[in-house]
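There are 2 protein chains.
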Amino acid sequence: MKSFLHLKAPEEARNEYFSIFDSFRLSTEKIKSDFGLDRILAKDLFAPESLPAFNRSTVDGYAVRSKDTFGASESLPAFFKVIGEVNMGKPTPLEINSGEAAIIHTGGMLPKNADAVVMIENTQTTLIGEIEVGRAVGHFENMILAGEDVQSGSLIFERGWKLRPGDIGALMSVGMIEIEVYRPLNIAIISSGDEVVDPHFEIHQGQVRDVNSYTLSALVQKYGGHSHLYGISPDNRTIFSKIARQAFQENDMVIITAGSSASVRDLTAEVIQGLGEPGVLVHGVNVRPGKPTILAVCDGKPVIGLPGNPVSAYVIANLFVAPLIRKLSGQTNFFWEQKINGILTVNLASSSGREDWVPVNIIRDEHSKNCLIEPIFYKSNLIFSIIKAEGFIRIPPDITGYSANSEVEVVIF
Amino acid sequence: MKSFLHLKAPEEARNEYFSIFDSFRLSTEKIKSDFGLDRILAKDLFAPESLPAFNRSTVDGYAVRSKDTFGASESLPAFFKVIGEVNMGKPTPLEINSGEAAIIHTGGMLPKNADAVVMIENTQTTLIGEIEVGRAVGHFENMILAGEDVQSGSLIFERGWKLRPGDIGALMSVGMIEIEVYRPLNIAIISSGDEVVDPHFEIHQGQVRDVNSYTLSALVQKYGGHSHLYGISPDNRTIFSKIARQAFQENDMVIITAGSSASVRDLTAEVIQGLGEPGVLVHGVNVRPGKPTILAVCDGKPVIGLPGNPVSAYVIANLFVAPLIRKLSGQTNFFWEQKINGILTVNLASSSGREDWVPVNIIRDEHSKNCLIEPIFYKSNLIFSIIKAEGFIRIPPDITGYSANSEVEVVIF
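Quick note, the sequences are listed as chains A and B, same order.
Just so you know, we're using the working numbering here: the first sequence kicks off at 6 and counts up by one.
Just so you know, we're using the working numbering here: the second sequence kicks off at 6 and counts up by one.
Just chain A, same shape as in the assembly (with noise of 0.2 Å):
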């Protein structure tokens, strides 16, 4: 990918920016499994045991050979001599000789020479000691075989998996407490502009609070990574620089928020330029809100730089800098972005040749189970009106809007 200073189409900007990260590798670290949630796997799993261990009954009832229930009905029932109990927990000693039952709990361990299970039901008790068994059962029914549920040396999970609730329940199922996972991605915040304040501080007449760094900080957590706030730079190009380099070095990934006006904005890419090479390959990415979107690799780490309106900025965090840090993070099962598909409630245009993301409200008919969707109408910079929108609908560059009642796809931020 060369540098260009054209407008790029996000889709295009986003494929051919992050392929070039393509060969990244995070380092890895060893954790306890119970600590595993969201953590993603840095190598392939594969089973130290078959599971379950044993053949297992699935059913309380009477372990048996199938072969001498065969022909029983409840008119022409079999009968068998109960030898005893599986305890649950421990190996039996008990060995199924022909005519022979054994009582067995769901989970219990089959024993020796009984290849099905009664079910409890099925069964009556007559004489002490003595079970009438009222329907056949075949060769391995009502139970689990040892293995069939894993192999031993067989793949549970790939590299790159992101643990979820049950993933960490199976890997105890094997035994697997500890597991190899990717270190948590290093992710720097740079705020700019000589009218932004930390929002601890006072603030003063023409002076705003810092926003971005908040909101991005709590969207790397989000995604798993760590942040780290360098502060606020003001306009000032040696400041500036040296809070970008110590940032830089210190991190896997740096994202600048630009001050907004169009100078400042030059002197955003300036800094970033001079981070390492190639540097800046993407000024400008043709999309509503967040235009001014820098994309660049310095010394092969990623570093972004954002608009600095709150609002552009929140929308190209989800857009380019959620997807990269899952990207980088290692994660390759991705499972499906949040959508819900629903009718629009009122025509909305948008100029042609450029991708359009518009905040919406959802509201679910209860009736007919479809959602509508209620586009917000905002200006630029304000931020409650966005912040409170449930999705965003894209309008691709290609048209020039949606009439009221079509079928619109929103994505859940």
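Hints in this document: simulated from the structure, not taken from any laboratory.
None of these values were measured; they are calculated from a predicted model.
Some hints could be false.
Stretch-level coverage of chain A by chain B, calculated; a stretch enters the list once three of its residues show a Cβ under 8 Å from a Cβ in chain B [as the list claims (entries may be wrong)]: (1) 14–28; (2) 151–165.
With a straight-line Cα cutoff of 16 Å, these simulated EDC-like cross-link-like pairs (lysine to aspartate or glutamate) come out [stated by the list, open to error]: (3) B:K374 x A:E412; (4) B:K37 x A:D43; (5) B:K344 x B:E395; (6) B:K296 x B:E17; (7) A:K227 x B:D43; (8) A:K344 x B:D203; (9) A:K86 x A:E135; (10) A:K393 x B:E17; (11) B:K332 x B:D43; (12) B:K227 x A:E163; (13) B:K344 x A:E414; (14) A:K344 x A:E282; (15) B:K374 x A:E414; (16) A:K37 x B:D203; (17) B:K393 x A:E163; (18) B:K117 x B:E100; (19) A:K95 x B:E207; (20) A:K393 x B:E163; (21) B:K296 x B:D43; (22) B:K95 x A:E207; (23) B:K393 x A:D49; (24) A:K35 x A:E183; (25) A:K306 x A:E282; (26) A:K374 x B:E412; (27) B:K117 x B:E79; (28) A:K227 x A:D43; (29) A:K374 x B:E414; (30) A:K227 x B:E412; (31) A:K344 x A:E395; (32) B:K227 x A:D49.
Facing chain B, a subset of chain A residues (Cβ under 8 Å, in silico) [said to hold, decoys possible]: (33) L42; (34) L56; (35) E135; (36) I173; (37) V216; (38) A223; (39) L224.
C-beta atoms are modelled at their ideal positions from N, C-alpha and C, and glycine is treated no differently.
Keeping the supplied structure of chain A fixed, place chain B upon it in accordance with the hints.
Just chain B, lined up with the frame of chain A:
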């Protein structure tokens, strides 16, 4: 809701059981807003000030009095004297009189008497200190007014709002650096069964490792609770009751996974019944997997008994435990459950009269953008087959299944 022992439909059981906790309220704590991601607001929040705090430009250009531009066009431009530049981040001392303009940047504070901004693209510098304006601007054009985003005193977030990344930034924008949130729910988890052992210890023939404690613990974490493992109780009433009582006293909620045989399931119900009044309300839900689910309220606290079978426990945890945690946590903004519609690849039969939850894989057809939904056929007790599922489809009790090519809805757990 009175105690009953017949099988409840899942929807009915959930609605009746959950309604008992309508007035449940967690205590609250104050935290720094920086740490607010995924926390739940315990109070309605009102804006302590207006945003923006001053009239701001939304473009780079010149602040003017709009009436001075009336009639201006490219062929007949209006002339303005440039009296200075608005510095970012400071109150400007400038004051615009008739025929005057001031350089202003995006986000800059409008000088006194200015009521619009001319975009730089619509101006030309003629003499030093003078510009030509080639396009008229309307009153308040290219600016946002003080308070246009949020008015001081207006409601910005309601009690029960779970904070997303953009919300954290929004709090900072109005200087709310500390918030009051509900404390996390403390949830006790008890496994039981003579055959169940802690995965951190050696396992012997006939034993199985505890899976449910770890799956449930991760699920509790996922929904923002604090999980506390009370280990594995043997199938002994005295010991089981003692563990259950301690767990009950130390937590807001208790989840017990029962031993898997019928006799031991009754023991779980008895132990729960002994914890407080009224005790067990639902013993058996008409769903597969998961029929032997126990729903109880003991002295106002929820106690849930899950089947010991890890597959059943996993499904019921998602159907009952997860939504109950969300409810008790105080969360009111649920947004949207993650669901995918797709086309079923095969016929899928179900016992009429019972709700079935069937694990599925989702295959996205990149051409048609349709999802193909492929059921996973599994045996009870097989952990890995179900853990790898991407979602579940619900077959309601009043139908006997779906035919191939039906459109079905997949719930992502």
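Okay, the hints, checked on the actual structure:
| no. | hint | in the structure |
| --- | --- | --- |
| 1 | 14–28 | violated (count 0) |
| 2 | 151–165 | holds (count 4) |
| 3 | B:K374 x A:E412 | holds (15 Å) |
| 4 | B:K37 x A:D43 | violated (24 Å) |
| 5 | B:K344 x B:E395 | holds (11 Å) |
| 6 | B:K296 x B:E17 | holds (14 Å) |
| 7 | A:K227 x B:D43 | holds (9 Å) |
| 8 | A:K344 x B:D203 | violated (40 Å) |
| 9 | A:K86 x A:E135 | holds (5 Å) |
| 10 | A:K393 x B:E17 | violated (32 Å) |
| 11 | B:K332 x B:D43 | holds (14 Å) |
| 12 | B:K227 x A:E163 | violated (22 Å) |
| 13 | B:K344 x A:E414 | holds (13 Å) |
| 14 | A:K344 x A:E282 | violated (38 Å) |
| 15 | B:K374 x A:E414 | holds (12 Å) |
| 16 | A:K37 x B:D203 | holds (14 Å) |
| 17 | B:K393 x A:E163 | holds (11 Å) |
| 18 | B:K117 x B:E100 | holds (5 Å) |
| 19 | A:K95 x B:E207 | holds (13 Å) |
| 20 | A:K393 x B:E163 | holds (11 Å) |
| 21 | B:K296 x B:D43 | violated (32 Å) |
| 22 | B:K95 x A:E207 | holds (13 Å) |
| 23 | B:K393 x A:D49 | holds (15 Å) |
| 24 | A:K35 x A:E183 | holds (7 Å) |
| 25 | A:K306 x A:E282 | holds (10 Å) |
| 26 | A:K374 x B:E412 | holds (15 Å) |
| 27 | B:K117 x B:E79 | violated (27 Å) |
| 28 | A:K227 x A:D43 | holds (10 Å) |
| 29 | A:K374 x B:E414 | holds (12 Å) |
| 30 | A:K227 x B:E412 | violated (32 Å) |
| 31 | A:K344 x A:E395 | holds (11 Å) |
| 32 | B:K227 x A:D49 | violated (24 Å) |
| 33 | L42 | holds (4 Å) |
| 34 | L56 | holds (7 Å) |
| 35 | E135 | violated (21 Å) |
| 36 | I173 | holds (4 Å) |
| 37 | V216 | holds (4 Å) |
| 38 | A223 | holds (4 Å) |
| 39 | L224 | holds (4 Å) |
In this structure, the hints that do not hold are numbers 1, 4, 8, 10, 12, 14, 21, 27, 30, 32, 35, in rising order.
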